[in-house]
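J.: The primary structure of each chain is shown beneath.
2 protein chains.
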Amino acid sequence: MTNRKILLASRPVGMPSEENFKFIESSIPELEDGEVLIRTVYLSVDPYMRGRMSDAKSYAEPYKVGEPIIGGIVGKVTASKNPRFKVNSFVEGRLEWAEYNLSDGSNIRRLNPELAPVSTALHVLGMPGLTAYFGLLHIGKPKEGETVVISGASGAVGTIVGQIARLKGCRVVGIAGSEEKCEFLSKELGFDAAINYKTTPDLFESLKEACPNGVDIYFDNVGGSVTDDVMKLINFQSRTIICGQISQYNLEKPEMGPRVMDKLLKTSSLMKGFIVSDFAEHNKEGLTNLSKWVKEGKITYRENIVEGFDHTVEAFLGLFRGENTGKQLVRVSEE
Amino acid sequence: MTNRKILLASRPVGMPSEENFKFIESSIPELEDGEVLIRTVYLSVDPYMRGRMSDAKSYAEPYKVGEPIIGGIVGKVTASKNPRFKVNSFVEGRLEWAEYNLSDGSNIRRLNPELAPVSTALHVLGMPGLTAYFGLLHIGKPKEGETVVISGASGAVGTIVGQIARLKGCRVVGIAGSEEKCEFLSKELGFDAAINYKTTPDLFESLKEACPNGVDIYFDNVGGSVTDDVMKLINFQSRTIICGQISQYNLEKPEMGPRVMDKLLKTSSLMKGFIVSDFAEHNKEGLTNLSKWVKEGKITYRENIVEGFDHTVEAFLGLFRGENTGKQLVRVSEE
Numbered sequence: 001m002t003n004r005k006i007l008l009a010s011r012p013v014g015m016p017s018e019e020n021f022k023f024i025e026s027s028i029p030e031l032e033d034g035e036v037l038i039r040t041v042y043l044s045v046d047p048y049m050r051g052r053m054s055d056a057k058s059y060a061e062p063y064k065v066g067e068p069i070i071g072g073i074v075g076k077v078t079a080s081k082n083p084r085f086k087v088n089s090f091v092e093g094r095l096e097w098a099e100y101n102l103s104d105g106s107n108i109r110r111l112n113p114e115l116a117p118v119s120t121a122l123h124v125l126g127m128p129g130l131t132a133y134f135g136l137l138h139i140g141k142p143k144e145g146e147t148v149v150i151s152g153a154s155g156a157v158g159t160i161v162g163q164i165a166r167l168k169g170c171r172v173v174g175i176a177g178s179e180e181k182c183e184f185l186s187k188e189l190g191f192d193a194a195i196n197y198k199t200t201p202d203l204f205e206s207l208k209e210a211c212p213n214g215v216d217i218y219f220d221n222v223g224g225s226v227t228d229d230v231m232k233l234i235n236f237q238s239r240t241i242i243c244g245q246i247s248q249y250n251l252e253k254p255e256m257g258p259r260v261m262d263k264l265l266k267t268s269s270l271m272k273g274f275i276v277s278d279f280a281e282h283n284k285e286g287l288t289n290l291s292k293w294v295k296e297g298k299i300t301y302r303e304n305i306v307e308g309f310d311h312t313v314e315a316f317l318g319l320f321r322g323e324n325t326g327k328q329l330v331r332v333s334e335e
Numbered sequence: 001m002t003n004r005k006i007l008l009a010s011r012p013v014g015m016p017s018e019e020n021f022k023f024i025e026s027s028i029p030e031l032e033d034g035e036v037l038i039r040t041v042y043l044s045v046d047p048y049m050r051g052r053m054s055d056a057k058s059y060a061e062p063y064k065v066g067e068p069i070i071g072g073i074v075g076k077v078t079a080s081k082n083p084r085f086k087v088n089s090f091v092e093g094r095l096e097w098a099e100y101n102l103s104d105g106s107n108i109r110r111l112n113p114e115l116a117p118v119s120t121a122l123h124v125l126g127m128p129g130l131t132a133y134f135g136l137l138h139i140g141k142p143k144e145g146e147t148v149v150i151s152g153a154s155g156a157v158g159t160i161v162g163q164i165a166r167l168k169g170c171r172v173v174g175i176a177g178s179e180e181k182c183e184f185l186s187k188e189l190g191f192d193a194a195i196n197y198k199t200t201p202d203l204f205e206s207l208k209e210a211c212p213n214g215v216d217i218y219f220d221n222v223g224g225s226v227t228d229d230v231m232k233l234i235n236f237q238s239r240t241i242i243c244g245q246i247s248q249y250n251l252e253k254p255e256m257g258p259r260v261m262d263k264l265l266k267t268s269s270l271m272k273g274f275i276v277s278d279f280a281e282h283n284k285e286g287l288t289n290l291s292k293w294v295k296e297g298k299i300t301y302r303e304n305i306v307e308g309f310d311h312t313v314e315a316f317l318g319l320f321r322g323e324n325t326g327k328q329l330v331r332v333s334e335e
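Protein chains in written order, with full-length UniProt numbering: chain U, 1 to 335; chain D, 1 to 335.
Bear in mind the hints are in silico, worked out from the structure with no lab data behind them.
Every residue gets a Cβ at the ideal spot worked out from N, C-alpha and C, and that includes glycine.
Hints are supplied without guarantee of correctness; some may be wrong.
Reference listing, derived: stretches of chain D covered by chain U, where coverage requires no fewer than 3 residues with Cβ under 8 Å from a Cβ of chain U [said to hold, decoys possible]: (1) 78-85; (2) 238-247; (3) 271-281.
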């Protein structure tokens with residue numbers, strides 16, 4: 001039985017391309033005691049992974065050139081010498097971009113397919129869901145009646161942020177990059193307004209109209225000029241949550257922009273970067289609440305699925321072209 | 001008996017000048033029941049007042065053109081129809097830039113000249129001291145062994161921040177604009193290092209050398225390119241406290257600079273603007289601790305005193321030329 005993996009062939013400069021990745025074949029070693037063999041079912045591609053492809057200092061260790069990309073995987077146990085993981089059960093973990101992974105059980109968690117579709121462990125009931133939960137609730141601390149603006153609103157994190165903000169009684173305004181995405185936000189997710197930043201003649205004016213009481217919380221996945229426009233509208237004691245900066249990840253030189261400190265000063269406002277692991281001690285609270293809201297139908301989600309391991313890199317690159325509405329996944333094999 | 005006041009004659013564009021201010025003479029009305037008459041002894045000039053001279057939206061109400069400037073005043077009660085304030089006692093409050101003020105008692109507090117010189121009510125035991133205290137301790141939350149960098153370190157707020165940080169066991173690095181100021185910080189206040197940003201050939205390299213373990217807390221009074229250099233050195237989970245942006249107050253057009261969001265994201269860092277009144281409920285705690293530290297000799301201070309009401313505007317303008325080491329005051333009359 002052979003396995004296929006995707007290695008980082010070289011560090012991207014600017015926008016990554018197929019050439020930065022390499023498929024290799026390898027054999028699957030014999031299971032040792034305590035190990036399980038996992039067949040990849042769903043593979044997650046996430047914008048933050050671009051950061052790990054650089055060797056710049058960051059919260060996450062850079063990927064090594066010549067070694068497999070590590071990311072979120074949902075798989076099925078096909079062989080087990082670990083009593084905690086039964087054959088045919090589902091697991092999720094940070095594993096190699098590969099058709100099969102070996103694990104000693106320390107980097108995977110068991111999934112219950114009766115509670116929710118297993119793919120949700122890669123979004124609403126996994127890292128992106130917790131990212132939304134912690135960023136909005138633990139940093140943003142929304143109060144009823146406040147206005148929450150979300151950039152990258154139609155992505156895996158943004159869609160959850162907006163729905164939680166609605167549950168908390170906030171006015172929710174999403175910024176996204178197509179009519180289809182905006183319609184999804186307004187009609188299916190119940191956002192109060194959605195703005196297509198690519199077609200609006202003046203994003204600032206559109207935001208001003210959509211936020212008649214200013215902006216109390218800004219959940220930023222995008223950065224750049226979109227963020228510049230939102231910052232002009234922040235209220236006294238506003239909170240800006242920096243979750244991602246996808247517009248900046250592929251720049252070869254850092255962009256200059258309006259300095260933001262004076263605005264933060266004049267409004268007594270907060271700006272905070274974070275990573276989901278900052279709140280690891282609250283994971284259980286987060287997953288419990290998210291599961292409850294999904295079960296009650298208060299939070300819904302959309303998956304954008306590309307078929308086949310061969311298209312993994314393509315799916316990853318598509319994130320930077322804004323191709324996904326909701327969570328971008330690759331289906332590597334059937335459940 | 002006549003009184004003299006200083007009005008805002010016009011809103012400054014860029015650097016303020018004498019022409020933006022106007023001295024007028026007026027008579028002092030009769031005291032009504034509950035009122036006191038206060039002779040100004042010390043008058044405080046503070047960088048934040050520049051902000052109130054613009055009509056841009058900010059945390060503080062703009063001054064009105066044609067009306068007196070309001071600022072921190074320490075004065076002596078010369079007549080009283082209010083039993084809480086005895087003749088010859090000292091008070092502090094936000095009052096008009098004038099030789100005499102009338103007050104109904106609601107905007108002044110009593111001072112005890114035996115506890116500390118009354119002028120300290122305008123700095124270490126007043127607004128600037130509380131600003132330092134709340135910003136550093138309530139936002140920055142310093143831990144022993146951390147590195148604290150302060151811009152505008154030799155001013156009324158910066159000098160207190162650095163000394164509190166030393167009390168908390170931090171490494172303290174000050175940035176200031178003259179050799180004399182740097183010497184004051186290192187030799188008199190016990191800062192671990194002080195950098196003259198005007199003469200160092202490379203501020204970033206000097207900072208790197210002075211902060212071998214990076215920067216955990218940055219207390220910013222200045223902004224602009226000084227802040228850009230500090231931000232390159234922030235550590236994981238660092239805290240940047242935006243207290244002032246004096247380098248930006250007199251710009252006619254906002255400056256562009258390196259975007260800071262990606263750095264905050266990669267380091268899970270916080271940036272927070274504030275105003276002292278955000279923490280008003282903790283004023284008593286702050287003044288109690290500051291008084292104790294001053295009494296114990298753990299915190300010291302320097303005053304830069306200009307003599308005479310006529311020189312008030314000059315003293316204010318001097319703030320933007322970096323003329324003061326420590327707190328800038330005007331002595332309007334003898335105690």
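J.: Flag every earlier hint the structure violates by its number, smallest first.
T.: Hint 1 contradicted; others consistent.
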